[in-house]
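Asker: Listed here are the chains, written in short residue letters.
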Amino acid sequence: MTSQPVCLVLAVAVVVVPAAALAQERGGLDPASLLEPLKESWPTYSGDYSGRRYSGLTQVTRDNVSRLTLAWTRQLNTGMPALEGANAPTFIGGEGTGEFAIGSQRIKGSILQVDDLLYVTAPDHVWALDVRDGGERWHYFWKTRGGPHIGNRGAALWRDSLIFETVDNYLVSLDARTGEERWHTEIASFEEQYFSTMAPIVVGDHLLVGTGNDLDAPGFLQSFDPATGALRWKFYTVPMSPDDPGIDTWPTLDAARHGGGQVWVPGAYDPETNYYIFGTGNPTPGYTGIARLGDNLFTCTLIAVDVDTGEMAWYFQTSPHDTHDWDSAQTPILIDGVIDGVPRKLVSTAARNGYFFTLDRVTGEHIVTTRYGATSNWASHIRENGSPNPHPAKEAIIPGALVSPVEGGVANWQPPAFNPDTGLFYTQENNGFNLLYLTELDPRGSMGLGGKDRITVGSGGNALSAIDYRTGETVWRHAWPIGGGGGAGVLTTAGGLVFTGDGSGNFVAFDAADGDLLWHTRIGNISNAPQTYLIDGRQHVLVASGRQLYAFVMY
Amino acid sequence: MRARIIGRMRALTCVAVVLTGVAVQVGAHAAPAGGGAARAGQDRSQRLYPALQRPPGDPELIARGRALYGINCRACHGLDLRGGDLGGPNLLRSQLVLRDQQGEEMLPVIRDGQSGAGGSSMPPQPLSDADIRAVVEYIHDVLGTASRQGGPPAGDEVELDILVGDAAAGQTYFATRCASCHSPTGDLQGIGARIPSAQQLQNTWVRGGARNAGRPPVIVTVTRSSGEPVVGWLERLNDFLVVLTEPDGRHRSFSRDGDTPVVEVDDPMAAHREMLPLYSDTDIHNVTAYLVTLQ
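Protein chains in written order, with this note's numbering: chain A, 1 to 555; chain B, 1 to 295.
FYI, nobody ran anything at the bench for these hints, they're computed from the structure. Positions of the beta carbon are idealized from the N, C-alpha and C atoms, including for glycine. Among the clues, some could well be false.
One side of the interface only, derived from the structure: several residues of chain B facing chain A at Cβ under 7 Å [claimed, not checked]: (1) Y49; (2) P50; (3) P152; (4) Q202; (5) D239; (6) R252; (7) D281.
Covered stretches of chain B, going by a simulated chain A footprint (3 or more residues, C-beta under 8 Å) [unchecked claim]: (8) 87-97; (9) 121-132; (10) 153-166.
Make the full structure from the sequences, and use the hints.
Answerer: Now the structure itself:
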């Protein structure tokens, strides 16, 4: 493990600085306010640091959710804008020529809500919209150099700067009030085929930034100075030198250095330990594991790093030697819970591979592993340490192996939620089947995600599942009718509700306790996770369907 | 009553299914993963990565580079640049090679050699700078043919022999688990000839038929607290709505609230879905080996 401490001066700034006063002076969001549990606004990716997506708002309840009504809706042009004229973006930046034409994109990220503005992103786009009617305050567009425009997970607000990642690997800081660019800095090599989608996470005076890659490149998490864009540290998720930890889980250093483990979904932050806890992506080459025999640490691993130093505190591998493109990058959730009568500081995660885990978040000690993907069939057994063990017969093989889930996994980046009132962890559960054929017969294996044919042959049925974090058992499960399920994240509230999408065109609300379906509205398939906040004393619920935003309100 | 209507509807749809099923199979070859040929007509500025966006190099220089590569580099880095018998690294995923623009990174390494990170090392190559530039041009040309999602350039089409199963065991399995719905002398007569690719045949039977348009329709019965049950072809179903077409073409839709009205779905694919968690890969390979014999 190579961690390069670039600057350690600002250690423990999080709690010590009289941030409220400073923020007032400069305007914008006080980083210390992110330590508060999610309630009236939505100032960071998961609403707060816990990853729970549990709002303390209680105006919308089981009893009145049927009266939730549309406040406004707004369609955004997420494709290529006119670069000149009345409809041109307020500000245009970027290192591209403007020739690379991006297509219309779905809104797949978290939308920040602070004061009177919403900050919405799509690849190469950022908008500030009025929170009361969705009207445009400003629009920033980035002329890209290219890269796969598959999504953007949102922006970060640090004081009065709005900071986001571009597909072609820049971190861009805007004046949050006007949309004017302050600076941009390259965070990964475009030539090496990195591409960036993650919502940066502010922790005090650190900006935590991840990126992606499919071409056998090493993954890393970086910390930047949110004021200047200067690099503070860079944490590689795979061994980069012969004496790095985890090297014994790779056949060669060359394999490790091309081993993947990208960091592309935001993690959670625990202020008590100062650990940022996040998941890493799949090892590469993705489907042909022959040239990387071993567990391939620290790919498909839940990792805790100290935010000030970028040093790893503990790790737990949720998918040793993955050969199915099942990133384990999904957002983990911090839970203050009780195990066997003892109060514990926990972290739970529902991985793309169909397994659910609960660990001690201070030590990384394993507590629970269960299979929550009803048809997941790739593991031979659970190892003594709690990691599921991959069955070699369920890799891509020449005559075809029947594998569940499909490449998208049982869950994916779509955020899960946890409600402390019910003790339940809510996640989508997708149970597709692939026939997986090996097409690369070369003993060197393939590259990237090549070397296989992947044929979807059906589904064992999809569901929304509510899992007891203490046991990993599914307490209630709503099976979606044929064809439903999939692409929406989850929100839960102190009003006793769970909001998500049904994959059949409906935005839906459940009773968080028992899974009773209470409300729906047919606005199209939900493409991000629902969010909630308080405006003019009224609780709103905001959600995106493709490039259309919908804000609901309880009068 | 309901059974009779469903039976009639099945008969109505049967012919259409068989025909479209075959049609879909004929056109069902997998699209190429995005190699050089597939991109030939594409505007380079719209390609995803710099290596693919580069303007084409000088063909003569590339040809010379290819020849020089074959003589000087191939033994270590492989014919396809993906690493060779003597342990040279894969150049197509080499960060140094990917970063290189005009030889500024590659040329010094080729000329002077370098020590590798893992203890391996590259010896200096006795080539003139002009020859090295030709090799660099060739390497960039190959990089420009890479596939999507980090895949290597598309190689020659490989015919995979997926037939590893035991046809006799497959026949026994078929008799036990499939024969209640299917017959080797009925619906599956000549299936091995109709779908000549064994892989395609396996995909098709495990899936339970052709995709999308070729799928047999789902029949749904909606029973309200009063009135006759309504039977038709299912158009849409979710927790709040069921939409169907009656045999006479009439469009009907019903709101759903829990179990009201009662919605019964007769999905011919349900049996196939329910089988998915039960198959072993050996079962699948055996049944495929058997179905191939139905010529």
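Asker: Against each hint, give a clear statement of whether it holds in the structure.
Answerer: Hints versus structure:
1. Y49: holds, 5 Å
2. P50: Where the cut-off is 7 Å and the nearest Cβ of chain A is about 5 Å from B:P50, the hint holds.
3. P152: Because about 5 Å separates B:P152 from the closest Cβ in chain A, which is inside the 7 Å limit, the hint holds.
4. Q202: Since the shortest Cβ distance to chain A is 6 Å, the answer is holds.
5. D239: Status holds, d = 6 Å.
6. R252: This interface hint is violated because 17 Å lies over the 7 Å limit.
7. D281: holds, 5 Å
8. 87-97: holds (count 5)
9. 121-132: Since three or more residues must qualify, the claim that chain A covers the stretch 121-132 of chain B is violated, with 0 doing so at under 8 Å.
10. 153-166: holds (count 7)
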